[in-house]
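Each protein sequence line maps, in turn, to chains A and B.
Following my numbering, the numbering of the first sequence begins with 159 at its first residue and continues without gaps.
Following my numbering, the numbering of the second sequence begins with 159 at its first residue and continues without gaps.
You can take every hint at face value.
Cut-off 30 angstroms, straight-line C-alpha distance, at most; resulting in silico cross-link-like pairs (DSBU-like, lysine-lysine): (1) B:K271 with A:K383; (2) B:K271 with B:K471; (3) A:K207 with A:K436; (4) B:K271 with B:K290; (5) B:K440 with B:K548; (6) A:K271 with B:K383; (7) A:K471 with A:K440; (8) B:K383 with A:K383; (9) A:K436 with A:K471.
Simulated from the structure, these hints should not be mistaken for laboratory data.
The primary structure of each chain is shown beneath.
Protein chains: 2
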Amino acid sequence: MTVSSFHPPSRVLMGPGPSDIHSRVLQALGRPVIGHLDPEFIMMMDEIKGLLHYAFQTTNQMTLPISAPGSAGMECAFVNLVEPGDNVIVCVNGVFGGRMVENVERCGATAIKVVDDWGTPIDLNKLEDALKANPGVKAVAFVHAETSTGVQSDAAAISALAQKFDALTIMDAVTSLAGTPVLVDEWKIDACYSGTQKCLSCVPGLSPVTFSERALETIRGRNHKVQSWFLDLNLIMGYWSSEGATRSYHHTAPVNTLYALHESLVMLKEEGLENAWKRHAKNHLALKAGLEALGLTLLVEEGYRLPQLNAVKIPGGVDEALVRRRMLADFGIEIGAGLGALAGKVWRIGLMGQSSSPRHVTLVLSALEGTLTDMGANTGNGGAAQAAQKVLLA
Amino acid sequence: MTVSSFHPPSRVLMGPGPSDIHSRVLQALGRPVIGHLDPEFIMMMDEIKGLLHYAFQTTNQMTLPISAPGSAGMECAFVNLVEPGDNVIVCVNGVFGGRMVENVERCGATAIKVVDDWGTPIDLNKLEDALKANPGVKAVAFVHAETSTGVQSDAAAISALAQKFDALTIMDAVTSLAGTPVLVDEWKIDACYSGTQKCLSCVPGLSPVTFSERALETIRGRNHKVQSWFLDLNLIMGYWSSEGATRSYHHTAPVNTLYALHESLVMLKEEGLENAWKRHAKNHLALKAGLEALGLTLLVEEGYRLPQLNAVKIPGGVDEALVRRRMLADFGIEIGAGLGALAGKVWRIGLMGQSSSPRHVTLVLSALEGTLTDMGANTGNGGAAQAAQKVLLA
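Isolated chain A (complex conformation) (with noise of 0.2 angstroms):
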């Protein structure tokens, strides 16, 4: 086998991530490695602690990025905080609180599930119910935002139900981070975990995470060791701690991605959190105008709706693996198909970072269109990216 050089194709990247990456972001991970325990690297790892602290809105100390993708994020957060034995209430909407049922068995304690329709949000009566039914349950968890479906649940109740129960709350925000307000101090979560492909727009392979103090007496306080050596929080901390000359050596921190994480985090405070939100709710805005214009809707009701991520329900008699398969072909656009339940019933249209703009919805409107017209499907009036820029020009 002779193997060359691999050039990626032009891509637009408007699917359930990664999304597209600013050239700033793209030009700081291509600088030179360094040292992983280089005095300029800590520096910089410093630096990036502060910004998460600013994603995050958390003064957390343990706020750091995880050396692999948000589903290790993800299983940092239940191995440091879930024991064997321990009771743990998971909100299941979508395929991810699916996975942290998994998660939460692995660690062989009990999964609790509050079970709710794929693209409705987490029902509070059914998790009070839960919570009155339970007494002593460890922990919440729940997802934030579900990238499976495109609902966003209220996490402010939710954490606040928890802490009536005096539970500890594990919030999945892969997907809200930087697109949606996620407010960690504020609604008091004690775990919450990210990625790095969606609203930040950097690349895939870290998981930003932070943990409260209270979250961290609980690890403190375990009667076993963490299961896994790698996503072990005290041994992590040890190179990621504020103390200067006194990092230990854990794992060899993935260098270049780290800076990467860190440019798009200066970018994300040079245009500010309160500007990503309202320009990720704007675009959604647009794009959902334009989608009316097709005749297409979207599978979550108004209130719940995600703005980086749109599920779109297929209309009927449409082949939309072909239709995501010619977005690709000729337009370079990604777009996503649905996921477990969802399969076959909605694409995924991301609007997350720097996917989310005027360009990006004017884009994919304007092929989807050309596309389902061509198939014979588009059942509206057409003008899809007019009907979005009258939104986005108002």
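Add chain B to chain A, keeping to what the hints say.
Below, chain B alone, put in the same frame as chain A:
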């Protein structure tokens, strides 16, 4: 806090990794991201698997890069192969053997330690005694190339012993892969993991792994679910399998880091494994000649030395940390400190991948000679770089 873009200082990396990275690999890293399910990305994944077959000298179907650093590769081997109640012999002659013990114990299994002094290879007689004394051990785990000491153990002989007693072998090849022979199939190794930031001269953040058919049978016959969801090979293989269209999403792959790994493996193929081994061997001999001219000696006995990782004994009375700080400040050269039992006792000079070149040897020796002379600590005849060049140019 106002934070601006990070620009790394100019460094020459001659510690225990990361090593210097070729501009081809950095350029690959910085190419635009595409989707982790993009058909062209999946083609590239297949190429990576093929190139890893070459690097590991194996035909194992289960050969792929784990989306996290070498420590996660280690954990992947243990959590998939080891179950609660198992007995595993772990050969410990440095930091990474100790980390293996941690992994075994966190799997709920018992680690039977075969301990050798730091800087010496694994004693085959002790291992055989342990195998005789503990019938039915599930696996023998060992570090082929101990990065903490610079010692290489006889992997072929260790594996042959394990086979004789019907135990699986788990081999750490983080520092050996592409620097000295790693012959997975010939040696009948059942699980082997490596890192990308050593002799492959790629960025840190991935761990290439390979598992034999015998290892896969063991995994398929497990009584308990793998305790890590993120590292469960049953799930990972659904994404990395060769079935083309049937790839199923597991986690978001670190797309750009995989571009970089692809390029570094293409470069390894172009050079040829045997040429890479020869290059590492020759530069090591040159370094050794130069060190002798400075009155310095290597920790490890001849015959067991890793050419890519040279543990140099620190002469009495020398402030070893000051030497490292001055090498970094005056010349931008990073050399490594001792770890664990060897902290303060050795420097670790890496000649790995792109950092194994005549100019690296020449530079580090000249700089070290100047630094030691300035500190009044040059106890040799001097002329270190010239002594090295006699070997290099022979």
